[in-house]
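Colleague: Each chain, written out:
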Amino acid sequence: MLSDKEKIRYSRQMMLQDIGETGQLKLKNSRVLIVGVGGLGSPVSLYLAAAGVGKLILIDQDKVELSNLQRQILYKVNHLGQSKVRAAAKTLQALNNQIEVHVVEQLLTSDNADDLFCQVDLVLDCSDNFDTRYLVNTLAKKHRIPLISGAAMQQQGQLAIFPNDSALSPCYACLFPKVKQDSVQNCSTLGVMSPILGVIGSMQANAAINGLLGKSLDATFIQFNGETMAQQQFNLTKNSRCDVCQEQ
Amino acid sequence: MKLIVNGEQKEFSEVTHVLSLLNLLEAQEPYAVAVNAQFVPREQCDVLLLNEGDQVEILSPIQGG
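In the order they appear, the protein sequences are chains A and B. Numbering of the first sequence is given in the numbering used here, commencing with residue 18 and proceeding in unit increments. Numbering of the second sequence is given in the numbering used here, commencing with residue 334 and proceeding in unit increments.
Just chain A, with the same shape it has in the complex (with noise of 0.2 Å):
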């Protein structure tokens, strides 16, 4: 049941035909997991949480530096210093108080991931390295639950969906095979466009609101570019010969 208070909150999104009463309460009792709570995982988490998300899972070990505030929206001057995780909590629980945040201040490993994809619903990588991005996709396959995928640098941006949904369901390692590599471009290295984040993170929170209110999602890769404003889509299909697909 929604209470009187949230009938209001989200009246806008409710008088959405997709939406409705029914795909508010689907929302509300949602549960998703996001990965790092930087640049791509800000816009993500505050538009989840705005929308009525049910219980967020934040993970990231990193603390609010000054350099970040150029682009990760969820903190503030008086946040430096402190874990990111819990500014931004704060930050989400003072936007909306009728959801659940709950933080783990840690980085995610083989060891502590088990646990927290079990209890979700579907996984959002904002994360800002490869290993993390793997290990993410290796969980979400095996959790099959919907991975949806953010990552930018300097102008550009991608948005990749893995619905996880079947067998046949293409996954990261599918699309990047991994390989050895000791990359350390990343936006400390060279650098990102502020709102490059919001259009790739606002994309992700939307994916994932369709996946959470039941609508079948295509596994499919967006590249978009910041400076020309071009966007590429390309459909996915799996690799019968993907590492990862195989352990599953």
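Treat the hints with care, as some may be off.
Said to hold, decoys possible - One side of the interface only, derived from the structure: several residues of chain B facing chain A at Cβ under 7 Å:
id, residue
1, Ala360
2, Pro363
3, Ala365
4, Ala367
5, Ala370
6, Glu376
7, Gly386
8, Ile395
9, Gln396
10, Gly397
Calculated from the structure, these hints are not laboratory results. Where a beta carbon is used, it is the ideal one built from N, C-alpha and C, also for glycine.
Could you slot chain B onto chain A? The hints should help.
Modeller: Leaving out everything else, chain B in the frame of chain A:
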């Protein structure tokens, strides 16, 4: 054969399947390849033949977030 590779039209004389193009361009891992907006799984790269005018995209993963 004329192909559009990452948005640029180019002429290739010795290209047959997708893998031959990737080898010619010396594509560096990690990457994904798509032909006419359809992702091509790696194991099909040496099977799928390219045709005149095909749009090929070679995509590199971004890790930042």
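Colleague: State for each hint whether it applies.
Modeller: Hints, one by one, checked against the model:
no.	hint	verdict
1	Ala360	violated (12 Å)
2	Pro363	holds (5 Å)
3	Ala365	holds (5 Å)
4	Ala367	holds (4 Å)
5	Ala370	holds (5 Å)
6	Glu376	holds (5 Å)
7	Gly386	violated (17 Å)
8	Ile395	holds (4 Å)
9	Gln396	holds (5 Å)
10	Gly397	holds (4 Å)
Against the hints set out earlier in the document, violations occur for numbers 1, 7.
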